[in-house]
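These protein sequence lines map, in sequence, to chains A and B. Numbered per the UniProt record's numbering, the first sequence spans residues 1 to 270. Numbered per the UniProt record's numbering, the second sequence spans residues 1 to 270.
Derived by calculation from the structure, the hints in this document are not laboratory data. Warning: the hint list may mix true and false statements.
Which residues of chain B face chain A? A partial, calculated answer using Cβ under 7 Å [as the list claims (entries may be wrong)]:
(1) GLU23
(2) ALA56
(3) GLN59
(4) ARG114
(5) ALA127
(6) GLU155
(7) SER159
(8) ARG162
(9) PRO181
(10) GLY182
(11) GLU183
(12) VAL252
(13) ASN254
(14) ASN258
(15) ASP260
Fair warning: this is a prediction, and the values are worked out from it, not measured in the lab. Note that CB positions come from ideal geometry on N, CA and C, so glycine has one too.
Number of protein chains: 2
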Amino acid sequence: MPTTRVAVCQYAIDIDDPAGTLERLRASVAEAADSQPQVIVFPELCTSGYVFHDIAEAQSRSEPVDGPTVQLFRELSLKHHAIVVGGFCERSDGERPFNSAAVVEDGEVLVVYRKTHLWDTEKLIFAAGDEPAPVVDTSVGKIAVMICYDAEFPEMVGSVARRGAQLVIAPSNWPAKHIPPGERSSEVIKAQAFAAVNHVFTLVCDRVGPERGVDWIGASVVCDVEGYPVAGPAEGKAVVLVANLDLDGALVKNVSANNDAFSDRRPNLY
Amino acid sequence: MPTTRVAVCQYAIDIDDPAGTLERLRASVAEAADSQPQVIVFPELCTSGYVFHDIAEAQSRSEPVDGPTVQLFRELSLKHHAIVVGGFCERSDGERPFNSAAVVEDGEVLVVYRKTHLWDTEKLIFAAGDEPAPVVDTSVGKIAVMICYDAEFPEMVGSVARRGAQLVIAPSNWPAKHIPPGERSSEVIKAQAFAAVNHVFTLVCDRVGPERGVDWIGASVVCDVEGYPVAGPAEGKAVVLVANLDLDGALVKNVSANNDAFSDRRPNLY
Numbered sequence: 001m002p003t004t005r006v007a008v009c010q011y012a013i014d015i016d017d018p019a020g021t022l023e024r025l026r027a028s029v030a031e032a033a034d035s036q037p038q039v040i041v042f043p044e045l046c047t048s049g050y051v052f053h054d055i056a057e058a059q060s061r062s063e064p065v066d067g068p069t070v071q072l073f074r075e076l077s078l079k080h081h082a083i084v085v086g087g088f089c090e091r092s093d094g095e096r097p098f099n100s101a102a103v104v105e106d107g108e109v110l111v112v113y114r115k116t117h118l119w120d121t122e123k124l125i126f127a128a129g130d131e132p133a134p135v136v137d138t139s140v141g142k143i144a145v146m147i148c149y150d151a152e153f154p155e156m157v158g159s160v161a162r163r164g165a166q167l168v169i170a171p172s173n174w175p176a177k178h179i180p181p182g183e184r185s186s187e188v189i190k191a192q193a194f195a196a197v198n199h200v201f202t203l204v205c206d207r208v209g210p211e212r213g214v215d216w217i218g219a220s221v222v223c224d225v226e227g228y229p230v231a232g233p234a235e236g237k238a239v240v241l242v243a244n245l246d247l248d249g250a251l252v253k254n255v256s257a258n259n260d261a262f263s264d265r266r267p268n269l270y
Numbered sequence: 001m002p003t004t005r006v007a008v009c010q011y012a013i014d015i016d017d018p019a020g021t022l023e024r025l026r027a028s029v030a031e032a033a034d035s036q037p038q039v040i041v042f043p044e045l046c047t048s049g050y051v052f053h054d055i056a057e058a059q060s061r062s063e064p065v066d067g068p069t070v071q072l073f074r075e076l077s078l079k080h081h082a083i084v085v086g087g088f089c090e091r092s093d094g095e096r097p098f099n100s101a102a103v104v105e106d107g108e109v110l111v112v113y114r115k116t117h118l119w120d121t122e123k124l125i126f127a128a129g130d131e132p133a134p135v136v137d138t139s140v141g142k143i144a145v146m147i148c149y150d151a152e153f154p155e156m157v158g159s160v161a162r163r164g165a166q167l168v169i170a171p172s173n174w175p176a177k178h179i180p181p182g183e184r185s186s187e188v189i190k191a192q193a194f195a196a197v198n199h200v201f202t203l204v205c206d207r208v209g210p211e212r213g214v215d216w217i218g219a220s221v222v223c224d225v226e227g228y229p230v231a232g233p234a235e236g237k238a239v240v241l242v243a244n245l246d247l248d249g250a251l252v253k254n255v256s257a258n259n260d261a262f263s264d265r266r267p268n269l270y
């Protein structure tokens, strides 16, 4: 059974310490490299940080696709023979930047996706993308990418699954919130549920902090096609999660002898 | 803050012991009544049992809406001043019966719903309904009803939520399956996730067994609008779960200062 090894790099990001952030990203990759993963994932806005004061600050940190962050993804993909997925603050022609993510393989950018569901004050900072989440062919199979809050919409995950995605990757920044004792955060629960619903693998790369007074859940997770975690959820600390996934398992949609996760849907009733 | 008390009656159903099944249903109601609930919920096919040998056997156990099971719901609704929701095997004009559920209040049938997503060998026994899951006005608020596998389709729960449902009730029979140690079953995870996605309360009334060699998860659960269990998940034993729900909480869809669970959706991207 061919397996795909994925590494999820959950590290501390600080908008007021770009050099330290980059150093922690690199240390995280070095740790991941020990496992020789075929896929390396970074968080949302993985070099810039998240808690921008205003549009002007976000624009000042924004980069074109040929800027230093995606260039770093290209170098790392070549050095580690791995697909690299991560988020960056993308410069736009307009007033506001995009909250974007790139998928890079063999030094080439396969796709850039611009977040379409903006969370809270992101709506005051970023322009929302207007294109569906992409599903890209890679050497390990079909990978979809979306960003953080995007992945909390079941139709969003369902859409990429029905377009053939085997692994749905969501670079994320999950702000801390009240979670009842003993419970997993509802974000993790959604990642589990949407994996099970669509019989796909889901992978969330969260981050830790703190950053300008905001704390983070730090609950990166990798879920199998039945919705059970195979790595994580992480527990709020910097960590590299590694998991071996049989991505062929996501090509089969039978959920019982007589059921199929896709053809059982009855869209005219919804 | 007005609260609605719900009671979830998870008891042993046995297709080969209808009298005993009815006795356990009644004992469960008696226990529930101590809490003076405004809503009492029974499982799917709560008097007939589930593991039918064939269509003929299911037809022989089927009942019209004015048959004994829904009549019992009517009596119990009057006696306990409660809304009663439960599943029954509904006689049809055709060859196959329906796997149905009724919502009853004040001795009156508010709605009968016929399961639209049939699980596994149900496809060999039942006719599937062709109507969307209903949302009904009750004395406690708007209640939606669907049955077991129906509730595993996020669009199904989303649909009733957008039609105003505050509490989504799913009488269920969850067959046992492999669940990794320490994990909740993926069915529970979906009930949690879809509550959080739609900012509604979800309630699953499961059953226990065994029945003709089939075991059951027995994981009835009531989830709040953030997706966290407020009662259950039950642990495979007969039990009455009781929870107090502020159903007004499901009327508000703000999930942050700048986010709304419904208007944030971008259906043209899915």
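Status of the B/GLY182 interface restraint (C-beta, 7 Å, chain A):
10 Å, violated
B/ARG114 as chain A interface residue, shortest Cβ-Cβ below 7 Å
With Cβ-Cβ at 11 Å, over 7 Å, it is violated.
For the hint on B/PRO181, does the least C-beta distance to chain A fall short of 7 Å?
At 10 Å from the nearest chain A Cβ, B/PRO181 fails the 7 Å test, so the hint is violated.
For the hint on B/GLN59, does the least C-beta distance to chain A fall short of 7 Å?
20 Å, violated
A closest beta-carbon separation below 7 Å is what the hint needs, so does B/ALA56 meet it against chain A?
19 Å, violated
Please verify that hint: B/GLU23, Cβ, nearest Cβ of chain A, below 7 Å or not.
With Cβ-Cβ at 32 Å, over 7 Å, it is violated.
Evaluation of the interface hint that places B/VAL252 against chain A, nearest CB under 7 Å:
Interface hint status for B/VAL252: violated (16 Å vs cutoff 7 Å).
Minimum beta-carbon distance criterion (7 Å), B/GLU155 to chain A:
4 Å, holds
The hint names B/SER159 as touching chain A; please verify it with the least Cβ-Cβ distance against 7 Å.
The hint holds - B/SER159 has a Cβ within 7 Å of chain A, the shortest such distance being about 4 Å.
Once the shortest beta carbon distance from B/ASN258 to chain A is found, is it less than 7 Å?
5 Å, holds
Interface hint for B/ASN254, Cβ within 7 Å of any Cβ on chain A:
11 Å, violated
Holds or violated: B/ASP260 as interface residue toward chain A, Cβ cutoff 7 Å?
Not OK, violated: B/ASP260 not within 7 Å of chain A, min 11 Å.
In summary, the numbered hints that this structure violates are 1, 2, 3, 4, 5, 8, 9, 10, 12, 13, 15.
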